[in-house]
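Since chain A is already given, all that's left is putting chains B and C on it; use the hints.
Listed below, chain by chain, are the residues.
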Amino acid sequence: MDVTEILKSLTGTFPEAISEATAKSEIRARAYVDKEKVKEVCQYLKDSLQFDHLCSVCGVDYIKWNELEVVYHIASYNHPVVLTLKARLPRDNPEIESVVPVYWNANWYERETYELYGIKFKNHPNLKPLLLPEDMLGEWPLRKDYEGFPNKTARNLV
Amino acid sequence: MGEVKEKKTSKLDETSEEIPGVITTTTSAIHNLLKKTKAQDLINWGRKNSMWFMTQPMGCCGVEMIAAGCAHYDTDRFGIIPRNSPRHADVMIISGYVTKKYLPALKRLWEQMPAPKWVICMGDCSISGGPFYESYSTVQNIDEIFPVDVFIPGCPPRPEALLQGFVELQGKIKAKKDRGTEY
Amino acid sequence: MEEMLEPNEMIIHLGPQHPMQPGPFRLNLKLKGETVMDAEVELGYIHKGIEKILENKTYLQGITIVDRICYLVALTNEECYVGCVEKLLDIEPPERAQYIRVILEELTRLQSHLLGTGEFGGFIGFVSMLMYTIKEREDLLSLIDMVTGARITHSFLRFGGVRDDLPPGFKEKTLPVLNNLKKVINDFEEMFHSDRVYKERTVGVGVLTADVAKSLGVSGPALRATGVPFDIRKNEPYLVYNDLDFKVCTETAGDCFARVQVRLNEMRESIYIIEQCLDQIPNGPIFPENSLYGRRTPVMRVPAGEVFHRVEDPRGEMGMYMVSDGSDKPYRVKVRGPVYPTLQALPPLIKGTTVADIAAISGSMDGCTSEADR
Numbered sequence: 001m002d003v004t005e006i007l008k009s010l011t012g013t014f015p016e017a018i019s020e021a022t023a024k025s026e027i028r029a030r031a032y033v034d035k036e037k038v039k040e041v042c043q044y045l046k047d048s049l050q051f052d053h054l055c056s057v058c059g060v061d062y063i064k065w066n067e068l069e070v071v072y073h074i075a076s077y078n079h080p081v082v083l084t085l086k087a088r089l090p091r092d093n094p095e096i097e098s099v100v101p102v103y104w105n106a107n108w109y110e111r112e113t114y115e116l117y118g119i120k121f122k123n124h125p126n127l128k129p130l131l132l133p134e135d136m137l138g139e140w141p142l143r144k145d146y147e148g149f150p151n152k153t154a155r156n157l158v
Numbered sequence: 159m160g161e162v163k164e165k166k167t168s169k170l171d172e173t174s175e176e177i178p179g180v181i182t183t184t185t186s187a188i189h190n191l192l193k194k195t196k197a198q199d200l201i202n203w204g205r206k207n208s209m210w211f212m213t214q215p216m217g218c219c220g221v222e223m224i225a226a227g228c229a230h231y232d233t234d235r236f237g238i239i240p241r242n243s244p245r246h247a248d249v250m251i252i253s254g255y256v257t258k259k260y261l262p263a264l265k266r267l268w269e270q271m272p273a274p275k276w277v278i279c280m281g282d283c284s285i286s287g288g289p290f291y292e293s294y295s296t297v298q299n300i301d302e303i304f305p306v307d308v309f310i311p312g313c314p315p316r317p318e319a320l321l322q323g324f325v326e327l328q329g330k331i332k333a334k335k336d337r338g339t340e341y
Numbered sequence: 342m343e344e345m346l347e348p349n350e351m352i353i354h355l356g357p358q359h360p361m362q363p364g365p366f367r368l369n370l371k372l373k374g375e376t377v378m379d380a381e382v383e384l385g386y387i388h389k390g391i392e393k394i395l396e397n398k399t400y401l402q403g404i405t406i407v408d409r410i411c412y413l414v415a416l417t418n419e420e421c422y423v424g425c426v427e428k429l430l431d432i433e434p435p436e437r438a439q440y441i442r443v444i445l446e447e448l449t450r451l452q453s454h455l456l457g458t459g460e461f462g463g464f465i466g467f468v469s470m471l472m473y474t475i476k477e478r479e480d481l482l483s484l485i486d487m488v489t490g491a492r493i494t495h496s497f498l499r500f501g502g503v504r505d506d507l508p509p510g511f512k513e514k515t516l517p518v519l520n521n522l523k524k525v526i527n528d529f530e531e532m533f534h535s536d537r538v539y540k541e542r543t544v545g546v547g548v549l550t551a552d553v554a555k556s557l558g559v560s561g562p563a564l565r566a567t568g569v570p571f572d573i574r575k576n577e578p579y580l581v582y583n584d585l586d587f588k589v590c591t592e593t594a595g596d597c598f599a600r601v602q603v604r605l606n607e608m609r610e611s612i613y614i615i616e617q618c619l620d621q622i623p624n625g626p627i628f629p630e631n632s633l634y635g636r637r638t639p640v641m642r643v644p645a646g647e648v649f650h651r652v653e654d655p656r657g658e659m660g661m662y663m664v665s666d667g668s669d670k671p672y673r674v675k676v677r678g679p680v681y682p683t684l685q686a687l688p689p690l691i692k693g694t695t696v697a698d699i700a701a702i703s704g705s706m707d708g709c710t711s712e713a714d715r
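Protein chains in written order, with this note's numbering: chain A, 1 to 158; chain B, 159 to 341; chain C, 342 to 715.
Don't take each hint at face value.
In silico SDA-like links for lysine to any residue, alpha-carbon gap of 20 Å or less [as the list claims (entries may be wrong)]:
1) Lys128/A to Pro688/C
2) Lys476/C to His230/B
3) Lys24/A to Asn576/C
4) Lys476/C to Tyr231/B
5) Lys373/C to Val696/C
6) Lys24/A to Val648/C
7) Lys24/A to Pro644/C
8) Lys265/B to Lys24/A
9) Lys24/A to Val664/C
10) Lys692/C to Pro125/A
11) Lys334/B to Asp307/B
12) Lys128/A to Glu396/C
13) Lys575/C to Ser25/A
14) Lys144/A to Ala645/C
15) Lys128/A to Arg367/C
16) Lys670/C to Arg143/A
17) Lys524/C to Ala229/B
18) Lys555/C to Pro101/A
19) Lys524/C to Asp536/C
20) Lys144/A to Gly667/C
21) Lys144/A to Tyr672/C
22) Lys258/B to Met136/A
23) Lys258/B to Leu137/A
24) Lys86/A to Lys373/C
25) Lys575/C to Glu20/A
26) Lys8/A to Trp65/A
27) Lys24/A to Pro578/C
28) Lys523/C to Glu479/C
29) Lys86/A to Trp65/A
30) Lys24/A to Lys428/C
31) Lys555/C to Asp52/A
32) Lys24/A to Glu479/C
33) Lys24/A to Lys524/C
34) Lys575/C to Gln50/A
35) Lys86/A to Ser9/A
Partial chain B-side listing against chain C, Cβ under 10 Å, derived [stated by the list, open to error]:
36) Met212
37) Gln214
38) Met216
39) Gly220
40) Val221
No lab work stands behind these hints, which were simulated from the structure alone. For each residue, glycine too, the CB sits at the ideal point set by N, CA and C.
Looking at chain A on its own, in the form it has when it is part of the complex (with noise of 0.2 Å):
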């Protein structure tokens, strides 16, 4: 399958969710979707796309916009490709429906995301933290205002 393709066939079936379309190089494709079509999105990938692996869910905090990103890598076990999917969230409230119905190994993924950058992902089946302590939930340490991170140390050595 080719990424000229790939994006035709993506931008042709959901005009109105799917943004910014480009593709990066013959192997990687970056594109914008809608918050509220992203299961639909990963759906239709999954089913008519062969985009069979989720490689990762991850933020991003833009801090600069008051946005907060949503990255989904969606690759396949047949071809190269690797479809980079964002989603922009606002930074006050984020919420985005969960993949995990579509592509199961985002369970994970999605409670990481969820106590690192305070996204929630709704209709998760067990959205708690993963990684951090329990009394660390609401701290969002990667988030890039947070404060518990010393940044007298290392920031300004160079």
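Positioned in the frame of chain A, the structure of chains B and C alone reads:
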């Protein structure tokens, strides 16, 4: 039933105190007496030659710890044998970063070990935090929590360094200067 | 796990410290008699926050930190991280450096598989297996030590090259070790195939089918043991793997026995790859000519952008997602380790088996808690 038992024990206590010419004692009293005599040297000689450590890999140093316990470096020749259960072990090796989540479990493991027991801090992470000293999840100053006898620097230290650490601990026990036992 | 227990059901916690574990994690088991009814993995006992630390280190300092994601396969982690930065900088290491990287990474794969096989033997009661494999592993470690100067955490790769060239006499010292290893692998295989107890502990235990493994997101030997030829070195070649001749080892059974067998076969392939590399390695520089980047590049700025790079770790697919904002530190690094999905797949695998099989199943998956926790 309970009342009857209590009465019996109290009676025994009274009678034992009353026997003339007999000195009653406790285990700790015997230990305290022994510590002042030459017999303690013999006991320490035994202890220092059978230091069984708990295999509890926590990080990079854990791999070197396993490697030290296995065929090539063979700590067995010093009587240093890896054990899986804390209840068999004399030495706890903190072989890596101690996190906020793991610290309670580590304290519990320490409590489960029978005395006399010693701690070795292996690697920079357990000494001062090492590369992770600024992490939001790790705990610093392990030596305030456990009575550490030997620090082995290195990231990770080689198995030879771990062996050297054990030899140093043996020297400390022989000289009665270890923190594991109170003298 | 929280609902009421029926009579003769009970809950057992395996861990955080347990002999069958490669690192601290907790396995909460609901048992009925000896059968596992339900299981849950609890992680995070050695969560170090590597992703946050990387955001506050310069690119060069970051190499030291990624070493410690999984200390058994430090060079593969570095390859992934350095590969990300190289893609952002749009540079490519010269051919000699690529060959040196392949040699070292395959040596790493060999030692990791040796330790994995040995640990698995230890978990199911053959502790002498661990002694055998550790002995051979030391030879490989001293080879790596000879080049990088460290046993397990190397900090050896650099952007656009490697830190040092191969020392003189490396080939002459490597070949006898590899020849010896070939014999040893044959011995191990014969031992596994002839031991009745070992077979009873492993054959038909913890069976994964190809479809289930795919839906669980498993990769690496655990997936290849089910017959899926998924290997990043073939699917998405990096370095000089395109020029090298090797095959992807698969088995069809998908049980513990097959997983160990895949590892043994992969070790043979790795030896073959290293032999080819030692024959083919060209002379030349280890850094691109006229390049800013060399052994020491303390302050370097990386153009803004984002990249997702994948390499084949001994345990499966390792990927890193890096976002750069044009400064001298990465804006965000996400580490996607292979053990994370493997550990996640543990509860469905051990559900319905007996307690004695847990060690066999979790050992044959060859986990590394440090990498799952990060």
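Verification of the supplied hints:
1. Our distance criterion of 20 Å between C-alpha atoms is met by Lys128/A and Pro688/C, whose separation comes to about 17 Å.
2. Under the criterion of a C-alpha separation no larger than 20 Å, the hint pairing Lys476/C with His230/B is consistent with the structure, at around 5 Å.
3. Note on Lys24/A and Asn576/C: the hinted pairing holds, with a Cα-Cα distance of about 18 Å set against a maximum of 20 Å.
4. For the suggested pair Lys476/C and Tyr231/B, the alpha carbons sit about 9 Å apart, so the restraint of at most 20 Å is met.
5. Proposed proximity of Lys373/C and Val696/C is supported: the alpha carbons are some 10 Å apart, at most 20 Å.
6. At most 20 Å may separate the alpha-carbon atoms for a hinted pair to count; Lys24/A and Val648/C meet this at roughly 9 Å.
7. The suggested pairing of Lys24/A with Pro644/C holds, with an alpha-carbon distance near 15 Å, which does not exceed 20 Å.
8. A C-alpha spacing of about 51 Å is found between Lys265/B and Lys24/A, which places the hinted pair above 20 Å, so the restraint is violated.
9. The suggested pairing of Lys24/A with Val664/C holds, with an alpha-carbon distance near 14 Å, which does not exceed 20 Å.
10. Distance restraint check for Lys692/C and Pro125/A: the Cα-Cα separation of roughly 18 Å lies within the 20 Å cut-off, and the hinted pair is therefore satisfied.
11. As the CA atoms of Lys334/B and Asp307/B are separated by approximately 12 Å, the hinted pair is consistent with the 20 Å bound.
12. A C-alpha spacing of about 25 Å is found between Lys128/A and Glu396/C, which places the hinted pair above 20 Å, so the restraint is violated.
13. Using a Cα cut-off of 20 Å, the hinted pair Lys575/C and Ser25/A holds, with the two alpha carbons roughly 18 Å apart.
14. Our distance criterion of 20 Å between C-alpha atoms is met by Lys144/A and Ala645/C, whose separation comes to about 18 Å.
15. Distance restraint check for Lys128/A and Arg367/C: the Cα-Cα separation of roughly 16 Å lies within the 20 Å cut-off, and the hinted pair is therefore satisfied.
16. For the proposed pair Lys670/C and Arg143/A, the alpha carbon gap of about 16 Å is at most 20 Å, so the pair holds.
17. With a C-alpha separation of about 19 Å, the suggested pairing of Lys524/C with Ala229/B holds against the 20 Å cut-off.
18. Straight-line distance between C-alpha atoms of Lys555/C and Pro101/A comes to about 15 Å, which keeps the hinted pair within the 20 Å bound.
19. For the hint pairing Lys524/C with Asp536/C, the CA-to-CA distance comes to about 18 Å; that is within 20 Å, so the pair holds.
20. Distance restraint check for Lys144/A and Gly667/C: the Cα-Cα separation of roughly 17 Å lies within the 20 Å cut-off, and the hinted pair is therefore satisfied.
21. Of the pairs offered as hints, the one joining Lys144/A and Tyr672/C holds, with about 10 Å between alpha carbons and a cut-off of 20 Å not exceeded.
22. At most 20 Å may separate the alpha-carbon atoms for a hinted pair to count; Lys258/B and Met136/A meet this at roughly 10 Å.
23. Among the hinted pairs, Lys258/B with Leu137/A is consistent with the structure: their alpha-carbon atoms are about 13 Å apart, no more than 20 Å.
24. Using a Cα cut-off of 20 Å, the hinted pair Lys86/A and Lys373/C is violated, with the two alpha carbons roughly 44 Å apart.
25. Restraint check: the Cα-Cα separation between Lys575/C and Glu20/A comes to about 30 Å, which exceeds 20 Å; the hinted pair is violated.
26. About 29 Å separates the Cα atoms of Lys8/A and Trp65/A, which puts this hinted pair outside 20 Å; it is violated.
27. About 17 Å separates the Cα atoms of Lys24/A and Pro578/C, which keeps this hinted pair within 20 Å; it holds.
28. Taken as a hint, the Lys523/C and Glu479/C pair is honoured in the structure, with Cα atoms around 15 Å apart against an allowance of 20 Å.
29. Simply put, Lys86/A and Trp65/A have alpha-carbon atoms about 15 Å apart, close enough for the 20 Å limit, and the pair holds.
30. With a C-alpha separation of about 12 Å, the suggested pair Lys24/A and Lys428/C falls inside the 20 Å cut-off, and the hint holds.
31. Pair hint Lys555/C plus Asp52/A holds up; C-alpha atoms about 7 Å apart against a cutoff of 20 Å.
32. The straight-line distance between the Cα atoms of Lys24/A and Glu479/C is roughly 43 Å, outside the 20 Å bound, and the hint therefore fails.
33. Distance hint between Lys24/A and Lys524/C is unfulfilled; the C-alpha atoms sit about 46 Å from each other, more than 20 Å.
34. With a C-alpha separation of about 18 Å, the suggested pairing of Lys575/C with Gln50/A holds against the 20 Å cut-off.
35. Restraint check: the Cα-Cα separation between Lys86/A and Ser9/A comes to about 17 Å, which is no more than 20 Å; the hinted pair holds.
36. About 8 Å separates the beta-carbon of Met212/B from the nearest beta-carbon of chain C, less than 10 Å, and the hint is met.
37. Contact between Gln214/B and chain C, as hinted, is supported at the beta carbon level, the nearest pair being about 5 Å apart and thus within 10 Å.
38. Of the supplied interface hints, the one on Met216/B holds, with its beta-carbon coming within about 6 Å of a beta-carbon of chain C, less than 10 Å.
39. The beta carbon of Gly220/B comes within 7 Å of a beta carbon in chain C, closer than 10 Å, and the hint placing it at the interface holds.
40. The restraint placing Val221/B at the interface with chain C holds, with a minimum CB-CB distance near 6 Å, inside the 10 Å limit.
Comparing the model with each numbered hint stated earlier shows that hints 8, 12, 24, 25, 26, 32 and 33 do not hold.
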